[in-house]
Amino acid sequence: MTAILEVRELTKHYGGVRALDGVSFSIAPGELLALIGPNGAGKSTCFNIVNGQLRPDSGTVRILGRDVTGLPSRRIAHLGVGRTFQVAAVFGSMTALENVQAALIAARGAVFGFWRPATTIARDEAMALLEQTGMAGEAERPAAALAYGDVKRLELAMALAGDPKLLLMDEPTAGMAAAERGEMIALVQKLTRSRGLAVLFTEHSMDVVFGHADRVIVLARGRLIADGTVDEVRTDLRVREVYLGGTAAAEAAG
Amino acid sequence: MGYSSCLRAALTGAAMTVAALALPAFTLPAPAAEPIRIGELNSYKAQPAFLDPYRKGMQLAVKEINDAGGVDGRPLELISRDDGGNPGDAIRVAEDLVTREKVDLLAGTFLSHIGLAVSGFAGKRKVFFLAAEPLTDKLTWSDGNRYTFRLRPSTYMQVAMLLPAAKAAQRKRWAIVYPNYEYGQSAAATFKKLLKDAQPDVEFVEEQATPLGKIDAGPVAQAIADAKPDAVFNVLFGPDLAKFVREADTRGALEGTYVVSLLSGEPEYLDPLKDEAPAGWVVTGYPWYAITTPEHMAFLSAYQKAYGDYPRLGSVVGYTTIKSIAAGLKKAGGTDTEKLVDAFRGLEVVGPFGPFSYRASDHQATMGAYVGILALKDGQGIMVQPSYVDGASVLPSDAEVKALRPAAD
Amino acid sequence: MSLDALLFQAVNGLASASGLFLVAAGLSIIFGVTRIVNMAHGSFYMLGLYLAVTLAPKIGTWIGGPFGFWAGILAAALVVAALGALIEMTLLRRLYGAPELYQLLATFALLLVINDAALFLWGPEDILGPRAPGLSGSVMLLGRRLPEYDIFLALIGPAVLIGLHLLLARTRFGRLIRAATQDREMVAALGINEALLFTMVFALGAGIAGLGGALQMAREPASLTLDLSVLGDAFVVVVVGGMGSIRGAYLAAVLVAEAKALCTALGVVDIFGFTFNMSRLTLVAEFLVMALVLIVRPHGLFGRPQPPAARGGPAEPPLRPFSAPARLLALAAVALFAAMPLIGTLVSYAPVLALDMLVAALFAASLHFIMGPGGMASFGHAAYFGLGAYGTAYAVTALSLPTPLAFATGIGVAAFGAVLFGWFCVRLEGVYFAMLTLAFAQIVWSVAFQWEEVTGGSNGLFDVWPEWPFDSRTGLYLAAFVVTLAGLLLLRRLVFAPFGMALRAARDSRLRAEASGIPVARVRWLAFALAGAVCGAAGGLFAFAKGSISPEAISVGRSIDGLVMVLIGGVQSLIGPVVGAGAFTLLQDSVMRETDYWRALLGLIILAVVLLFPFGIAGGLSRGLRRPGGAR
Ligand SMILES: Nc1ncnc2c1ncn2[C@@H]1O[C@H](COP(=O)(O)OP(=O)(O)O)[C@@H](O)[C@H]1O
Ligand SMILES: [Mg+2]
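Top to bottom, those sequences are chains A, B and C.
Okay, so the first sequence: first residue is 1 according to our numbering, each after it adds one.
Okay, so the second sequence: first residue is 1 according to our numbering, each after it adds one.
Okay, so the third sequence: first residue is 1 according to our numbering, each after it adds one.
Heads up, some of the hints might be wrong.
Reference listing, derived: stretches of chain C covered by chain B, where coverage requires no fewer than 3 residues with Cβ under 8 angstroms from a Cβ of chain B [what the hints assert, rightly or not]: (1) 457-463; (2) 596-606.
Going by beta-carbon spacing under 10 angstroms, a handful of chain A positions derived as facing chain C [to be verified]: (3) N51; (4) A77; (5) A107; (6) G113; (7) A118; (8) T119; (9) G137; (10) S194; (11) Y243.
Hints were generated in silico from the structure; no laboratory data involved.
Since we're looking at a predicted model, the values are computed, not measured.
Glycine included, every Cβ here is placed at the ideal spot set by N, Cα and C.
Based on the provided sequences and hints, a complete structural model is requested.
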């Protein structure tokens with residue numbers, strides 16, 4: 001079975017900083033893959049390249065076997081990739097419902113409609129998505145007035161609007177209270193299972209990662225240092241070193 | 001937005017509209033001896049230096065005429081408006097004067113494009129229009145129409161007035177510097193053509209077209225000096241002129257060069273130069289201190305008495321505009337537009353510069369200007385050896401003009 | 001043209017460059033920290049010059065002439081700095097909560113007020129200051145005389161550049177400025193007194209502009225037209241250099257000044273057998289440079305992508321269609337305007353004014369379409385107004401097309417221009433977008449201004465009257481009414497349609513829009529083109545209404561008028577531009593009639609509106625009524 005996403009030898013430099021350095025990994029359909037690593041490891045950079053926001057210096061990105069390296073993000077979106085951002089991005093001047101409608105209209109390639117009011121388009125589908133993400137009660141509120149956790153959920157609903165095969169979620173729980181975090185990932189897990197959707201996400205809370213991910217890959221200073229099941233990664237020495245610092249790693253080893 | 005807000009905003013808008021549109025209805029005048037209403041519009045805001053004296057000149061004339069009993073017993077009433085400094089607003093103001101103020105005729109304007117726009121309006125709406133200041137040749141020639149007359153000597157006339165001096169200087173290498181818009185362009189073109197005709201071996205070695213009001217004077221003066229001309233024709237005026245003169249002086253760019261210059265002898269442009277006025281330049285202008293004709297002496301003393309200030313050229317133009325209108329009205333025997341137009345054709349007027357007339361052929365007044373040489377006196381530039389050049393002497397003949405006025409009847 | 005001559009002109013250029021740099025540096029600093037697009041910056045420059053020519057002789061009588069000159073310059077700079085601080089504290093500070101660009105409106109009002117204040121204080125005549133004592137001569141260079149003062153000026157630019165660099169690099173104040181320029185949150189997080197910082201920055205920027213103006217005392221007279229003419233240059237230099245970059249500003253100043261000096265030096269040249277006077281290019285040299293630089297480098301020479309606005313104000317509330325009562329009111333307004341010819345039989349001036357209001361409304365609404373829902377504030381929207389007007393006028397006068405066809409031609413020309421320029425512009429963001437639109441507008445303006453054969457040059461085209469049945473006042477009015485109404489309804493429909501939703505989405509979050517699959521650049525491009533076409537229709541109506549057209553229709557002034565209308569009305573409200581256009585036209589018409597100082601009065605009224613309704617008239621009224629908590 002072809003991988004949903006296959007990343008080969010991605011490299012990206014910012015001046016002297018190596019944000020990514022020969023990173024390769026792949027995601028199978030339906031897989032929930034966690035990308036972890038300390039701050040500045042290159043996670044967001046990786047997302048931005050896969051998503052088409054950035055061009056890599058070298059390396060390739062394949063989606064469903066097709067080389068998409070360097071394509072703009074709107075094209076990648078149409079190939080079935082949904083995305084949420086580290087700092088949630090929604091359309092602040094629209095209601096939650098309109099946000100999802102806009103995403104649906106965009107996904108259908110119907111933005112060049114000049115007559116029918118957009119609010120009458122894809123209403124039911126939008127409501128359904130809001131329901132799935134637990135946002136139905138906020139449908140008529142302006143996005144700018146939502147609590148941050150709700151914005152994150154709304155963003156998820158929008159990312160799902162294109163009926164994607166792959167979801168890229170950069171820190172989906174950043175800025176949420178601890179209790180909310182587990183809930184959010186559980187929701188993602190549930191949605192992916194029901195839709196047969198692959199997810200690549202980053203997350204700082206190890207409990208959340210180890211509790212939900214199918215597989216974990218670890219970035220440090222732009223290099224991929226581990227790739228395996230939750231248990232493999234949990235016990236990986238280099239991972240412990242990166243996360244706990246030299247002494248802790250030595251103790252753990254000893 | 002919420003409906004109540006729409007409601008409010010729309011209400012406010014509607015109320016303002018109604019108020020503004022209805023207001024004039026309550027300001028209808030009810031005079032006893034019905035005055036003749038002169039609608040005047042000008043770029044007071046955009047050209048204050050020139051137009052303040054102009055307005056004073058007009059007001060002086062109105063007062064004199066009304067004190068003497070008006071025109072055929074009817075007093076003159078001057079309704080003066082700012083034209084906003086652009087043709088779009090000017091047309092609205094003209095419409096306002098004609099429709100709301102019910103003026104009998106229009107006068108004024110300073111900038112050429114506004115003069116032309118109002119002239120077009122006058123032609124379309126069949127309103128009499130006396131353009132006071134605009135210089136463009138188009139106003140009376142290529143774009144001339146039946147309803148438009150012009151008082152001040154045109155660009156062509158001003159250039160032609162300087163031609164005898166330019167010719168007499170017998171210089172071969174000329175440079176030209178002019179502000180980059182129609183006035184400057186047409187002055188330069190006219191000068192080149194007239195001089196070439198009069199002196200076929202003349203060579204134009206440099207032409208600098210500078211953005212109006214934004215001359216980069218140093219480089220421009222230098223470029224002219226580098227071309228090594230033995231004579232320069234200058235069309236710059238205002239702040240551009242001041243900057244150019246100072247730079248040219250510091251750089252010695254015009255040393256030994258013969259300069260003829262348009263308008264630079266007008267107090268509006270000469271006085272701000274103070275002791276840096278470029279001595280030796282041959283200029284057109286208005287040496288109010290040196291004109292001793294009785295007409296001018298009378299005007300000068302009346303003006304100084306009224307305002308405690310000396311007149312500028314604008315004062316003469318404003319004053320003469322009103323005097324012309326009064327003369328025209330008198331000859332027409334009333335305010336009927338067609339009669340007024342007919343009266344103005346060939347109308348004889350006496351102004352501070354003496355008698356002149358409005359030509360029937362192209363509606364241009366033959367009022368002239370003074371040509372003289374700049375000199376310094378008491379730290380101030382003045383014109384010496386001024387001589388009056390009658391406009392009639394520099395205008396093309398009626399036959400030539402006919403070909404230049406395709407559109408007009 | 002000898003090499004010596006060219007070299008010498010290059011040295012001349014350096015003196016001009018210093019002057020440009022000084023105005024631009026202040027503007028750049030102010031923008032970098034406060035994000036205020038300061039329209040009054042040229043006024044500070046102008047005031048600096050006026051104060052210097054006044055103060056220098058006065059001070060000279062106390063401490064001796066030569067010192068008076070220099071002391072006068074310093075004093076002028078300080079007074080202007082103090083004025084800047086005062087303005088920031090009393091006026092701008094109240095506006096940081098308003099949507100972006102409302103500060104622009106306030107500073108524009110200030111420009112009007114300051115200009116009239118200068119007229120009141122110093123009178124209309126230009127005032128030429130004294131020459132610089134000790135520097136009034138010249139030195140020989142390359143066989144030519146170079147004024148000593150030019151050498152001094154050429155040096156003062158780099159000196160101020162170094163001084164500012166040290167200030168920014170070595171002092172705490174400087175570090176704060178840099179921090180605030182790059183990362184606003186950080187300054188707030190550090191617990192810095194932001195109000196004080198802003199005041200000081202504004203004073204510094206104003207003071208440098210005042211110094212720049214004062215230093216010109218030896219070169220040019222103080223005149224009332226300086227404010228606007230310098231403002232344009234300052235914007236160009238700041239943007240070419242990259243907003244917030246001081247060394248960029250210097251480099252840009254040199255670039256612009258040298259480009260002009262080169263055009264001047266080349267004079268009349270023969271290209272491919274055509275004789276062309278290069279000096280005529282000095283009219284737009286700076287805007288040509290700006291357009292080229294921005295096309296190649298979207299953030300100027302040294303600029304970085306702009307961090308988000310300082311305090312953008314609350315997010316725009318969701319759009320809602322008219323409710324039933326509001327629709328009734330809108331219909332009533334439509335009916336009022338439809339009945340205007342009847343009203344005209346009683347109040348004959350009413351249709352005249354109403355026609356101008358219609359044209360203004362269409363103009364403002366088309367600008368609002370890209371500015372409000374599109375989030376792209378164009379500073380050069382007059383280009384499409386002018387293209388429409390000239391296209392129409394040319395079709396009438398040169399091609400003798402029938403009225404409707406000529407009108408369509410105008411719309412076509414405007415749309416073509418918008419498609420062409422829009423392609424470049426929509427790639428840019430924020431102020432850079434604004435400035436590229438301005439550059440294109442200035443280029444269009446200069447072409448119209450100089451292409452005598454086609455556009456009639458600076459005088460324009462005349463006899464553009466429409467044919468029967470539009471040749472009567474009523475006929476034209478009704479046609480304009482129908483066109484305007486159709487244009488307004490079309491734009492309104494578009495805003496609510498998927499296309500408009502995509503446009504608003506791209507404004508709210510370009511990132512999200514792209515990630516959702518919206519082709520942002522294409523959506524914006526089309527929006528720009530549509531706005532241009534509608535604006536062209538307004539221009540065509542204008543040409544017919546006035547019977548003539550001149551380059552003023554494309555001037556910066558008209559572009560600014562458009563911005564003012566949209567902002568007064570309320571950029572966040574769909575009927576805002578219409579209300580604003582009506583209010584502005586009425587205001588201008590009545591104010592112009594009332595007083596000689598109508599600009600100041602207009603400025604004061606705009607200030608009052610901005611302070612009372614920081615979201616515009618329509619926006620303010622709607623906000624006053626909405627329950628708090630509706631928006632963040
Ligand atoms: N636009 C940029 N310019 C310069 N450096 C950057 C930029 N974006 C990211 N970096 C650097 O690249 C590295 C990786 O950043 P990022 O991908 O955001 O890490 P993460 O998301 O894992 O925290 C960091 O050192 C960061 O400073
Ligand atoms: Mg990150």
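Item checked: Verdict on chain B covering the region 596-606 of chain C, criterion of 3 CB contacts below 8 angstroms -> holds (count 3)
Notebook entry, point to check: With a cut-off of 10 angstroms, does the beta carbon of G137(A) approach a beta carbon of chain C closely enough for the hint to hold?
Noted result: For G137(A), the interface hint is violated, since the closest Cβ of chain C sits about 16 angstroms away, which is over 10 angstroms.
Next item on the list: Hold the hint about N51(A) up to the distance rule: shortest CB distance to chain C must be less than 10 angstroms.
Entry: 7 angstroms, holds
Notebook entry, point to check: Can A118(A) be said to touch chain C, with a Cβ gap under 10 angstroms?
Noted result: 4 angstroms, holds
Next item on the list: Tell me if A77(A) is really an interface residue toward chain C, meaning its C-beta lies closer than 10 angstroms to one of theirs.
Entry: 4 angstroms, holds
Note to self: Next item in the hint list is A107(A). Is there a CB on chain C closer than 10 angstroms to its CB?
What the structure shows: 6 angstroms, holds
Check: Measuring from the C-beta of S194(A) to each C-beta in chain C, is the shortest one below 10 angstroms?
Finding: 22 angstroms, violated
Item checked: Status of the T119(A) interface restraint (C-beta, 10 angstroms, chain C) -> 7 angstroms, holds
Notebook entry, point to check: Was the hint right that Y243(A) lines chain C, CB cutoff 10 angstroms?
Noted result: 27 angstroms, violated
Check: With a cut-off of 8 angstroms between beta carbons, are at least three residues of the region 457-463 of chain C near chain B?
Finding: holds (count 6)
Notebook entry, point to check: For the hint on G113(A), does the least C-beta distance to chain C fall short of 10 angstroms?
Noted result: Interface hint status for G113(A): holds (4 angstroms vs cutoff 10 angstroms).
The structure fails hints 9, 10, 11 (numbered hints given earlier, in ascending order).
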